[in-house]
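Given the coordinates of chain A, work out where chain B should sit on it, guided by the hints.
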Amino acid sequence: MNIAQIVDRLREDPDFRVNLTAWKVLPAREGSYAPFPEWVDERIRKVLERRGITRLYSHQFDAIETVRSGKNCCVVTPTASGKTLCYNIPVLQTILERPSARALYLFPTKALGMDQVQELMATIEGLNARIGAYTFDGDTPSTARRAVREAGNIVVTNPDMLHTGILPHHTIWLRLFENLEYVVIDEIHHYRGVFGSHLANVIRRLKRICAFYGSRPRFICCSATIANPGDVAERLIEEPVELINTNGAPSGEKHILFYNPPVVNAELGIRASSVLKAAQIAATFLSRDIQSIVFARSRLRVEILTTYLKEAARKMGRDESLVRGYRGGYLPNERREIEQGLREGRVMAVVSTNALELGIDIGSLDVCIMAGYAGSVASTWQQAGRAGRRNKTALVVLVASSAPLDQYIIEHPDYFFGQNPENAVIDPNNLIILASHAKCAAFELPFHEGESFGLDPHSTADLLDFLAENRILRKTGGKWHWSAEAYPASEISLRTAAPGNVVILDVSRDGAVIGEVDYFSAPSEVYPNAIYLHESRQYQVENLDLQNRKAYARPVEVDYYTDAEMKVDLRVLDRLREEPFGQAARVLGELSVTWLPTVYKKIKFGTHENVGWGEIHLPEQTMHTAAFWFEFPEDLDVQLDATRDALSGGLLGLASALRQVSPVHVLCDLSDVRSHAVLRSPESERPAIFLYEKWPGGAGFSEKLFTHARFIVEAARELIENCPCRRGCPSCVGPVREVGEEGKSIALRLAGYLLGGSAQSDNSSPAET
Amino acid sequence: MDVKKLEQLRRMLNLKTGAELGSRKADPDTPPDSSSGSGSPKKLSQKTAAETDKNTEERQLLRKRMRAILEVGQENSVRTVQEETVNASAEICGELEGNIIRNKNGSFLLVRREFPVEWRHGTYPLGAVLHCSPQTAAWISGDLTLSDMNWRETLFLDTETTGLAGGAGTVCFLIGIGKFISESVFRLDQCFMRDFDDEGAMLTYLDSEYPAPSALVSYNGKSFDLPLLRNRHVQHRLDFPWKHTPHFDLVHSVRRIWKRRLEDCGLANVERLLLGVTRTGDVPSSLIPRIWLDFITRGDPRPLRPVFYHHRVDILSMVTLAGCLSRMLEDEAGRSFEEAEDRVSLLRQCIKKRDYERAVQVAEAMLHEEDFAEVLGEVHELRCTALRRLKRASEYMDALWAWHRACPTDLRAAYFLAGVMANARNLAAARQVCEETLEKVESAGSFYRDMAIQPDRLKLEDRLRHIRARMGSDDSDGSGQDLW
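As you go down the protein sequences, you meet chains A and B in turn. Take the first sequence: its letters are residues 1 to 769, numbered as in my numbering. Take the second sequence: its letters are residues 770 to 1253, numbered as in my numbering.
Bound conformation, chain B alone:
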């Protein structure tokens, strides 16, 4: 696309700018080497009145030729550039059901909607989140500043922008703020720029209306929306009020729990699969920048309707997602998660956050239930890890045995079990575990010769060699003992 623009510019290149033409043609007496190029600003400012007239003439020529070239370059889209007045306000207000808000920095369009807390967005009511403990949010996001958050003073934030690349020239033309304004009402403000010059008024409004929230909730806002909003404030030389506000970015928590099952952790996919939300009359995110850029030039607000719908659904989904996630996490043992893989993810999170007690709880709850065949080894292993870190030796030993019995061909189970036995100088039993397991794996055929298990197999064989060597060296007392 840009190459095309360059091509057009190249076509312009049979002309120089007005100033240059002026300096060259208007005064042929200029000594040839007075400037090694042309028209530096310093020299321009010294021009006489006559030269300025000449310049005006040349500039008109330049303008004419630019137009001529542009008409060749672009078939239909020729239009004259004029200051366009702010798009017909009444029409937008009607189409989008909003109001114009004015303040000292100008005006913008505000579309405000209120929803009762019982409003069901997909499977869950919006108000569900109000009953959730902020501790779960703090726990899953690993951010302790969230422990004190108050859902009633929390802002649910999302923006629509002119591009994904970021940088100083990307604008948030639609900023949505959702908030529970009472125990029974959720209010959603969609602040919209009808053109670039609405931005100052919009930012000023947000800063005065929502100066000190308890927390922010977003979907990928930490790396996208917040830095952009900060940029926009810097561009207007305004202080950014949410610089230090605790921020619960749902995308990271969602990835932690559902990454194993959901290839695409985009909000649209997550809400469809987890929240039971179906969108009608939506528009793909990738088209949104273009729709706004078209709107500001054409002034037709109708294509914006789906953009507002898209943006609204995004925020409502964030509210129910925050509620759903918190509720599911509230059960310590993870019984709220139906899918085995999600529970394993939770188990892994417990280990990662060094919450080993909870890990044992989650693992044991799963082992007491059935139907987890596909993750059985993994759950056993994670339980063993947690118990080892908790230094509960006898429970650890039992858990290793349980793992080994449940998965007799699991090389890792045998490896750890034999290791613990050998440390307890129970060498014969350790050897037996190694030998039997290797034999079973061997006899199970080609499946067990799978490349993926080779490292574990080598490790176990290594351990077996080691045990045999030790048995050889202290034969005197080693062979007598037997665990069986």
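So that you can see chain A by itself, here it is in the shape it has in the complex:
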């Protein structure tokens, strides 16, 4: 049975169709082609022709011509549209013309870098030229490092290695920096929030070092489809970028199905398990010999799905090895073997975390099933792109979980299929991040008076003076010199803005590391007596040593989990921008957040009853961060005709829903933003709902939330309205026991209040309202 027949069969299956909220058919599209430009070396064309590439897609043509003309470019292309040629052709061409030329490739992960080098090697072999292409990362043996430095025309690395291993040692990378002509940054949509803010500063340092050695590289960026790829690229490299976003690659017909598992408990708003449904759907394809990929959101779910599908294969009398799991933590050889199995058809179903969402070459499959929404429209399209061969029909099924964001997406297919609304944000001038990299930059080369680093020269001087006051730098002879014994890059992680993660150690296995949590989350997750779950095993925390960033835990088997109650205090430090928002106001500002874990509850699995509690004795923590909030009039309870208690529940419910839908317009992880609601804000003495960022100083999310406040409130209202539960559930405003009997209805009225009020103010002057 082929895929088109399956599609027909599904179309006629009423039991299946009743759970669909969307069935979108993307018609097949012809490719748009262009010949190789005249200037492309005969040898490159020959190699590509041997691989069956006789002409270019239009976007490849545009990209290489743009780069050739000396401009930076950002190519936006879906999965499997041949984006690597967009940078490999100009880079290889330049090296053939000038053998001393160098290029630096940056990928967010080591695995991607390795994949790239393998492909490059294959191409270079056919060129019959001496071109060195090497990975340089933590796994590169020290004996090979010199060769990479001396002979690596193309050095493939990741931002972390560039930051700690290359830039601080630029004097031994003299040849690279003197001859650097291209910097390729792939998957730039990954560099958002804290990571992106760090990378932008690493690029500042890179450019500073290049200027010292007299080179001025061009940048070639690649991105998945997001709302603002050009903007992100420009903010990362701080130079004008030519955006190329018309895809010329052909594609077959593609069916995209949104599947919402049926409600099994209307009172609590509980739906059938998305993992189980996804597994059942995948099993039917397996039985019909159709190659499929299943994406799950966590390692644990990958394991569950893999086990289920292997079981299914066995029941069908098939070989279990047709089904493979694929996730971070697998050894490179194992991964290569699975990738090859997929290409050769020895593997019929692969279950993966988002590890396979990135550009690893596994060929194209027939069907893609997503067990749960991938978290962003961009990721979902990337995953969906894994299904679809050139001339064949492909099928993509998104199975929603009960999570609020999943429910919002599944109920709003138009949102998904419309223009991608997600903005990736970065804030390279977050003061902590900027100051960290100013230190690294000063270590690399002294700062001259009048030099600017992210800021204008005067503010840069202020920052450097501040560091000099701390005796980290010394100003003399018109320069700021690094004047500490330390090696600053090793103390700064690009993936966080917190001062070091807390590692969790298993005391029963000589302190083997079982996981880590960031510093700020530690008191609420690994307090003494907390139950910590890892790879479906339970551990009980015995001791938390915040000073040394260690938590000691021991494996246990209990039938409950723990949940800490936090006392959170917010203090408004600064109101940077505020505007009326209907009869309420929206504010962008900065907060001091203090949180103190007070007690924990033991909650029984299944029944969720409270089976005990204990006190937590940990010091309180404080963080300064960016935030966005709504402030309501003081007499809000009177206006809504609700008791103070009920209003409190409603505020809490709306806050929680707002947080849940915030990734709809801002490309962030749910954990990047936290919410808080108060009946009386300590500053304004009014009811308020705060959305604040998890990292000190913020990464720019609040600003986007402020700008898109209206859309986010609308999204929250629709989420609550469309939720089948009666009085609140974890899929919308939170469980009844938290928001109260009236929580859901008041949250809904509050959303309406914000939106209605805002509509009025659009027609009249806000000052007079």
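Derived from the structure by calculation, the hints contain no laboratory data. Remember, it's a predicted structure, so these values are computed and weren't measured experimentally. Keep in mind that a hint or two might mislead.
Calculated pairs, DSBU-like style, for lysine-lysine (alpha carbon to alpha carbon, straight line, at most 30 angstroms) [to be verified]: (1) Lys207/A - Lys1228/B; (2) Lys1012/B - Lys479/A; (3) Lys1012/B - Lys948/B; (4) Lys948/B - Lys873/B; (5) Lys1012/B - Lys1160/B; (6) Lys873/B - Lys479/A.
Stretches of chain A that chain B covers, calculated by requiring three or more beta carbons in the stretch to come under 8 angstroms of a beta carbon on chain B [to be verified]: (7) 440 to 449; (8) 473 to 483.
In this text, a Cβ means the ideal position worked out from N, Cα and C, and glycines have one as well.
Just chain B now, kept in the frame of chain A:
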């Protein structure tokens, strides 16, 4: 320490930078989505004059708040940042007995001392090294480029730095160069940066004063001092003149000979035990970076005195160590080494360098002397190895017998001896050697059941089985012969 700094920075975070404040507050009419973050440099450059004024005001506020926060963060060390003039030169020159050297790139402090070659640093005079053959240096370091070195044109090099981590931001603030400027005088130049901006002048001076030495001598300089000096030259866009100069790094040679005896092959330990040097008024190396960093901010040169002393002793010790090492190695048979373990190390070096003739010489010299009981087996074994590699069959056989007789319970001796015998079809004798040795080991009790010897024991038992099997298969002619 850095966490603390981060904490301080975090405290700063209730403010944004001046530019950002300016762009946000000064023009509230900016369309909300005109920039997804704030203040990119491109936009800053387009600011109008009025905005710049506003910025200046905001920056003053920022400055004030930074100061306020800093005062909370650090109790006593608040000071205003100003360009500090180069530290009072006269005072440093007096305290450290040096002179200011000026050139086109600025100035630095040079402390120059001269020593007569008879000067005793510990047990040995400095000049001892002048009479040494460069061949020994080439031999022990395995670096043939050193064979042509001329001690008179050689630089003894050591640096003091701002840190051990390396990387582009580590500075050599004190560079010492020792050289024999005549048959009778050793001169030591200590070049010192009074602040970061002295570096250019200092490097320029070194490059012009010592452009083409015959060789460099250092202690761990190959992996530390030289790469750093190269870094500093790159940072100043200067050519590094010593890129291809032959380099005798003493630490590797010292490890080769004395590793067995000295746990710590640091120069301080080596000079105390081998050269008889005692330091007075020294300072631990680990404190040196901090002392200099304190000096450049406080300007008090007195704490630097022990740093200069430390650095000077390091270089003088290198000179006598190079002499001592070369002299000891000059005796082919290794009789200059008193300790058995050092001689065994030398013997091993001979084998490693495939200098088997010399190995035999060293081993036989030791076997002729007494008092080497603790290394006897090892010396015998190494002699056998050398003779085998030299393919001197009969001497090899004799040496194996000598080993076996000297160490009748040595399983390895028996193993090799039996092997050679068996190859000569002398199976009965080979069996006897195996059997007797195993028996002796067995009867010697638990000591010989030591785990460490088990692999050798199994090998010997294996050989015995093998010999017995061969004897069984060609019984006809094998049993008659007997070596005894």
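Do the hints match the structure? See the list:
no. : hint                  : verdict
1   : Lys207/A - Lys1228/B  : 63 angstroms, violated
2   : Lys1012/B - Lys479/A  : 28 angstroms, holds
3   : Lys1012/B - Lys948/B  : 19 angstroms, holds
4   : Lys948/B - Lys873/B   : 25 angstroms, holds
5   : Lys1012/B - Lys1160/B : 42 angstroms, violated
6   : Lys873/B - Lys479/A   : 18 angstroms, holds
7   : 440 to 449            : holds (count 5)
8   : 473 to 483            : holds (count 9)
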